[in-house]
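Engineer: If you read the protein sequences in the order shown, they are chains A and B.
Note that the UniProt record's numbering has the first sequence beginning at 1, numbered continuously upward.
Note that the UniProt record's numbering has the second sequence beginning at 1, numbered continuously upward.
If you're looking for bench data, these hints aren't it; they were derived computationally from the structure.
Treat each hint with caution, since some may be false.
Note: identical chains are not told apart, hence a pair may lie in one copy or across any two.
SDA-like mimics (lysine to any residue), calculated; alpha carbons at most 20 angstroms apart, straight line [as the list claims (entries may be wrong)]: (1) Lys162 with Gly42; (2) Lys146 with Gly199; (3) Lys162 with Gly181; (4) Lys162 with Arg20; (5) Lys146 with Asp258; (6) Lys162 with Asp198; (7) Lys146 with Ala222; (8) Lys146 with Arg186; (9) Lys162 with Asp23; (10) Lys162 with His91; (11) Lys162 with Asp223; (12) Lys146 with Gly215; (13) Lys162 with Asp121; (14) Lys162 with Gly15; (15) Lys162 with Arg17; (16) Lys162 with Leu40; (17) Lys162 with His145; (18) Lys162 with Thr188; (19) Lys146 with Val96; (20) Lys146 with Ala41; (21) Lys146 with Val166; (22) Lys146 with Glu165; (23) Lys162 with Ile254; (24) Lys146 with Ala95; (25) Lys162 with Gly55.
There are 2 protein chains.
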Amino acid sequence: MPHPRFALTPVAMTGPRYTRLIDSLPATVPFVGPEEHERLAGRRFTARLGANENGFGPSPRAISAMAAAAGDAWKYGDSTSFDLRTAIAAHHDVAVENVLVGEGIDGLLGYLCRLMIEPGDPVVTSEGAYPTFNYHVAGFGGVLHKVPYAGDHEDPHALIAKAAEVGAKLVYIANPDNPMGTHHPRETIEAMIDAVPDGTLMVLDEAYVEFADDGTEARIAADDPRVIRMRTFSKAHGLAGARVGYALAAPGLIAAFDKIRIISACAASLRQARWPRCRTRRGRPTCVSSWQAHATGSTRSRARTG
Amino acid sequence: MPHPRFALTPVAMTGPRYTRLIDSLPATVPFVGPEEHERLAGRRFTARLGANENGFGPSPRAISAMAAAAGDAWKYGDSTSFDLRTAIAAHHDVAVENVLVGEGIDGLLGYLCRLMIEPGDPVVTSEGAYPTFNYHVAGFGGVLHKVPYAGDHEDPHALIAKAAEVGAKLVYIANPDNPMGTHHPRETIEAMIDAVPDGTLMVLDEAYVEFADDGTEARIAADDPRVIRMRTFSKAHGLAGARVGYALAAPGLIAAFDKIRIISACAASLRQARWPRCRTRRGRPTCVSSWQAHATGSTRSRARTG
Numbered sequence: 001m002p003h004p005r006f007a008l009t010p011v012a013m014t015g016p017r018y019t020r021l022i023d024s025l026p027a028t029v030p031f032v033g034p035e036e037h038e039r040l041a042g043r044r045f046t047a048r049l050g051a052n053e054n055g056f057g058p059s060p061r062a063i064s065a066m067a068a069a070a071g072d073a074w075k076y077g078d079s080t081s082f083d084l085r086t087a088i089a090a091h092h093d094v095a096v097e098n099v100l101v102g103e104g105i106d107g108l109l110g111y112l113c114r115l116m117i118e119p120g121d122p123v124v125t126s127e128g129a130y131p132t133f134n135y136h137v138a139g140f141g142g143v144l145h146k147v148p149y150a151g152d153h154e155d156p157h158a159l160i161a162k163a164a165e166v167g168a169k170l171v172y173i174a175n176p177d178n179p180m181g182t183h184h185p186r187e188t189i190e191a192m193i194d195a196v197p198d199g200t201l202m203v204l205d206e207a208y209v210e211f212a213d214d215g216t217e218a219r220i221a222a223d224d225p226r227v228i229r230m231r232t233f234s235k236a237h238g239l240a241g242a243r244v245g246y247a248l249a250a251p252g253l254i255a256a257f258d259k260i261r262i263i264s265a266c267a268a269s270l271r272q273a274r275w276p277r278c279r280t281r282r283g284r285p286t287c288v289s290s291w292q293a294h295a296t297g298s299t300r301s302r303a304r305t306g
Numbered sequence: 001m002p003h004p005r006f007a008l009t010p011v012a013m014t015g016p017r018y019t020r021l022i023d024s025l026p027a028t029v030p031f032v033g034p035e036e037h038e039r040l041a042g043r044r045f046t047a048r049l050g051a052n053e054n055g056f057g058p059s060p061r062a063i064s065a066m067a068a069a070a071g072d073a074w075k076y077g078d079s080t081s082f083d084l085r086t087a088i089a090a091h092h093d094v095a096v097e098n099v100l101v102g103e104g105i106d107g108l109l110g111y112l113c114r115l116m117i118e119p120g121d122p123v124v125t126s127e128g129a130y131p132t133f134n135y136h137v138a139g140f141g142g143v144l145h146k147v148p149y150a151g152d153h154e155d156p157h158a159l160i161a162k163a164a165e166v167g168a169k170l171v172y173i174a175n176p177d178n179p180m181g182t183h184h185p186r187e188t189i190e191a192m193i194d195a196v197p198d199g200t201l202m203v204l205d206e207a208y209v210e211f212a213d214d215g216t217e218a219r220i221a222a223d224d225p226r227v228i229r230m231r232t233f234s235k236a237h238g239l240a241g242a243r244v245g246y247a248l249a250a251p252g253l254i255a256a257f258d259k260i261r262i263i264s265a266c267a268a269s270l271r272q273a274r275w276p277r278c279r280t281r282r283g284r285p286t287c288v289s290s291w292q293a294h295a296t297g298s299t300r301s302r303a304r305t306g
């Protein structure tokens, strides 16, 4: 259906030109979900164990609030997640400016890598630690330096020493750790922060901290520029499908995410919160979540198309 | 709370080291939502007009399906969005491999820019066109070349000529256009695709095409490597808060997104679909959506933390 007013030279159908970095990345998909495995195998799984989902499910109050909010889905959510950030700030006794809400810790880790990592930049983690962090580091061209576990624990001393040795921009540790399930006492994490090398940011992934024993959650000043903490509603709160995580960090770092984030992707805001109590009891989590999430999309504003 | 085993040199609290690109980006937030305006002004808006939300709301069947699925929010969604992609593929009579589902067109535009744009790469759009596309281009260091509107329409000829002149990696057009609301007949868009310069990818934003007159939706071969089409459930389907958009393109381009996307952020999969009929009638959209979306998060799989 050529249009007569277009009279350019014939076009070779070469397709898109990717960046050099993208051309260098593997084509393999790093995440194969249980549904895809089931389709490939032609049969259902007996149990979903791969993603540490919370089989207790969300709080009945959260379910009720999500159901009640379904009819509001025509609205874009508040791009600032103001109500949820305010509630999180009150819970942690920090300022709203210390809190960033995003599409799960995975999304936040991706943005963090984009903020920090240029091709060739060094990053330190543990051999066998959370692979999605590595996926994002590689996706921005970072060079991963991995240290071994020590006694089934991530090794804070080896991580810090390696960070200092290579001049890491980021050093990652999860407390409690995934996949090992081990944890360090808060004093060890606090001492690790005190030892973070100049110019390195420590990424403290606390996705499972609500399940941990008292004395695990590190005490960190809200404005400490050496560390960013990651939390999520996916685990203790049983809201993995809602994709709501948050970061706690110094205001300057929190504000930097606004330079790049997709102000659209987080599907929850907050109606009312009483913070849940979650503690292990004889090795099993007991969790009472009273979050009243509702699915109205934390998102953007201006006249938009999509 | 220093830990005696850490004995490194004193640390200057310099904070994170951003990339050069991030340092160069403005600190201003490009999106200020109606809720934020209301908070700043201290009073409520009479109407929400800024984001082209669908005041008719979602289909009652979609609301019902979302409400029914709220209790499943403990599960991560299918990272491949298999059911929804299958339904979209059937609707458009293309292969599943031609379809990518993501967190709204905004999210997909961000990923597309990340795939294509290195600092200094040229990109073409219209002066006054969709600002979020520009935000993403700038966020990856691209250089925007803008052509003027012609007669209240985006100007396909000027866009193509500019793309050829500067060697653009991407050339953007929306049909129908936002914010102007004007549109070109499909023959014009098809001729524009035929004139896309070698090495340029055309981004055809069709967020509003369900509202347009017959003869607006371009006929494009599914595997045409010169164009990627963007669609959304935010507008005609009244599901802006659910953040579900999709792209239609050649399989190689669709697959490339898997190198980088946050396999987590899209909060919908599909239970049952009868494709909605949406047409303008005397200038007003009449829309019957029978999508049965449910809020279970299209997401990832491996043992994960957040």
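Engineer: If any of the earlier hints don't hold here, list their numbers in rising order.
Structural biologist: Structure breaks hints 1, 3, 4, 5, 7, 8, 9, 10, 11, 12, 16, 19, 20, 23, 24, 25.
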